[in-house]
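Undergrad: Please take these sequences and the hints and turn them into a complete structure.
Number of protein chains: 2
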Amino acid sequence: MSYTVHEVAKLSGVTIKTLYHYQKIGLLMPESIAENGYRYYGDKELEQLQQILFYRELDFSLGKIKTAMQNEPSRLRCLCEQKTLLMARQQRISRILHTLEEAITYAEKGAAMSKEKMFAGLNKQEWEVALKPQNEYLHENYSYSIDMGTIDADAMNEKANEASDFITFMSNALRNGVSVNANEVHSVIDKHIQFLQRDMKIDAQSFAAQSKFLMTDEFHRQMLEKQQTGLSYYICFAAESYAGK
Amino acid sequence: MSYTVHEVAKLSGVTIKTLYHYQKIGLLMPESIAENGYRYYGDKELEQLQQILFYRELDFSLGKIKTAMQNEPSRLRCLCEQKTLLMARQQRISRILHTLEEAITYAEKGAAMSKEKMFAGLNKQEWEVALKPQNEYLHENYSYSIDMGTIDADAMNEKANEASDFITFMSNALRNGVSVNANEVHSVIDKHIQFLQRDMKIDAQSFAAQSKFLMTDEFHRQMLEKQQTGLSYYICFAAESYAGK
DNA sequence: TATAAGGTCTGACCTGAGGTTGGAGTCAAG
DNA sequence: CTTGACTCCAACCTCAGGTCAGACCTTATA
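Chains as they are written, first to last, in the working numbering: chain C, 349 to 593; chain S, 349 to 593.
Do not rely on the hints blindly, as some may be mistaken.
[To be verified] Okay, derived cross-link-like pairs now, DSS-like style, lysine-lysine, Cα gap no bigger than 30 Å in a straight line:
#1 S:K412 <-> C:K457
#2 S:K539 <-> C:K412
#3 C:K412 <-> S:K358
#4 C:K465 <-> S:K463
#5 S:K463 <-> C:K365
Since the hints were made in silico from the structure, they are not lab data.
TA: This is the structure in structure tokens:
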């Protein structure tokens with residue numbers, strides 16, 4: 349199947365000029381060029397274009413896109429990476445939106461925001477840190493948020509792993525439609541609480557309360573939601589169900 | 349309170365050069381310029397800068413930003429509009445993400461996507477349509493799933509549409525990470541309840557209770573969850589947050 | 001008090017990702 | 001065989017800054 353510039357443009361939303369530009373810089377070559385100079389694109393080229401547009405959405409420069417696509421010829425892996433990045437971007441917009449909402453409530457009151465808050469999510473330096481390996485980021489942040497006040501590195505690692513396991517389980521349970529009243533959910537919460545009890549006094553009630561509290565913290569909530577949509581709410585309910593048993 | 353270029357740059361994340369540029373094109377003037385030529389920015393200027401950055405995030409050109417800020421001197425209304433636009437953008441990213449995910453599953457199977465699907469969300473023409481009346485778009489996608497088994501066509505249609513809009517909104521809100529405490533969520537619940545009140549006596553508390561009750565009914569829960577993982581939990585929380593306001 | 005280190009101002013030039021204009025060739029339909 | 005839509009290509013323009021370079025200012029320290 350071959351497409352003319354016009355067809356490709358209509359399908360993908362880029363202009364003909366842009367296609368030409370991409371050809372000139374060697375980013376996307378036509379499948380074939382007829383004797384009259386007309387350019388024709390095939391299915392493979394469309395896939396490439398799609399990928400280019402995903403990257404462009406992420407504000408990659410065309411040069412970077414080119415090298416990225418050369419270095420990682422596996423379409424699948426490219427796509428997966430793009431997904432990660434796009435999710436990170438969504439995250440960033442969430443933060444900005446949050447800042448914006450705060451700005452609105454301050455403006456309504458006629459009050460002034462703190463200068464750092466004002467630019468949360470907008471300040472790129474800060475944001476680039478959050479961009480990179482989200483997983484570490486999740487780990488770090490989660491563990492740090494649970495065990496404030498401990499120092500020992502190894503123990504901390506163990507805690508991070510436990511927390512991560514717990515979250516993974518809950519995430520799977522939610523995806524699989526397991527009810528918050530299910531026994532396996534309760535028993536995992538039970539184990540998790542037992543683990544927590546090593547460091548702090550905590551019981552079912554206060555765990556439920558704490559889950560709820562965590563939800564009020566936007567940052568935390570987003571972290572869970574990033575892992576699985578709806579997770580923060582699910583955990584909260586599960587904790588409540590467990591506590592009310 | 350006055351800030352030097354350096355301080356503003358660090359706070360906001362823009363470069364000094366950019367500040368200079370904004371001054372040159374008259375987008376953001378310093379509060380005062382000392383005799384030695386040094387520029388100083390005050391709190392008002394920081395607020396303006398914040399707003400500029402919000403707009404920039406939305407890919408407004410600097411010229412447009414300038415006129416936008418001149419035409420709408422009310423900071424509050426500016427912010428609210430920006431919020432709407434930013435939420436629209438987030439939805440667009442959601443769509444792209446969805447396309448990306450589909451691309452991944454197709455790639456895993458080694459199959460080919462349909463050409464239109466391939467560019468869903470990326471194609472700007474199409475997207476601009478989706479940008480403005482977001483609601484129509486929502487209609488199409490959802491209305492079919494709610495209104496099975498209706499009797500009175502017209503009245504039911506209205507109800508179906510309302511319910512459908514409500515659920516779709518909540519679903520998007522959840523996907524986009526909007527907090528259950530967010531004003532827009534509350535106001536949508538408010539509207540929904542007002543709508544319900546036409547047919548039955550219901551207030552915030554009983555709505556929250558009913559949401560919770562719905563959750564205990566596996567059939568209803570699964571229906572919501574099928575639409576969007578985590579949705580039943582989210583709605584429940586949102587209702588509670590609304591009731592507790 | 002001199003000097004170094006670091007901020008600051010300004011203009012001139014560069015860049016990337018296209019858009020615009022315009023002249024000329026090409027295609028399909030009536 | 002003409003008309004209207006499509007295509008090619010080159011030269012030039014734009015926008016939002018970045019880079020570089022030279023000169024000036026401020027503050028801390030020797």
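Undergrad: It remains to establish, for every hint, whether it holds in the given structure.
TA: So, going through the hints one by one against the coordinates:
1. S:K412 <-> C:K457: holds, 28 Å
2. S:K539 <-> C:K412: Given that 30 Å is the threshold and the Cα spacing comes to 47 Å, the pair is violated.
3. C:K412 <-> S:K358: holds, 27 Å
4. C:K465 <-> S:K463: At roughly 43 Å apart (the allowed maximum being 30 Å), S:K463 and C:K465 break the hint.
5. S:K463 <-> C:K365: holds, 21 Å
Hint compliance for this structure: hints 2, 4 are broken, all remaining hints hold.
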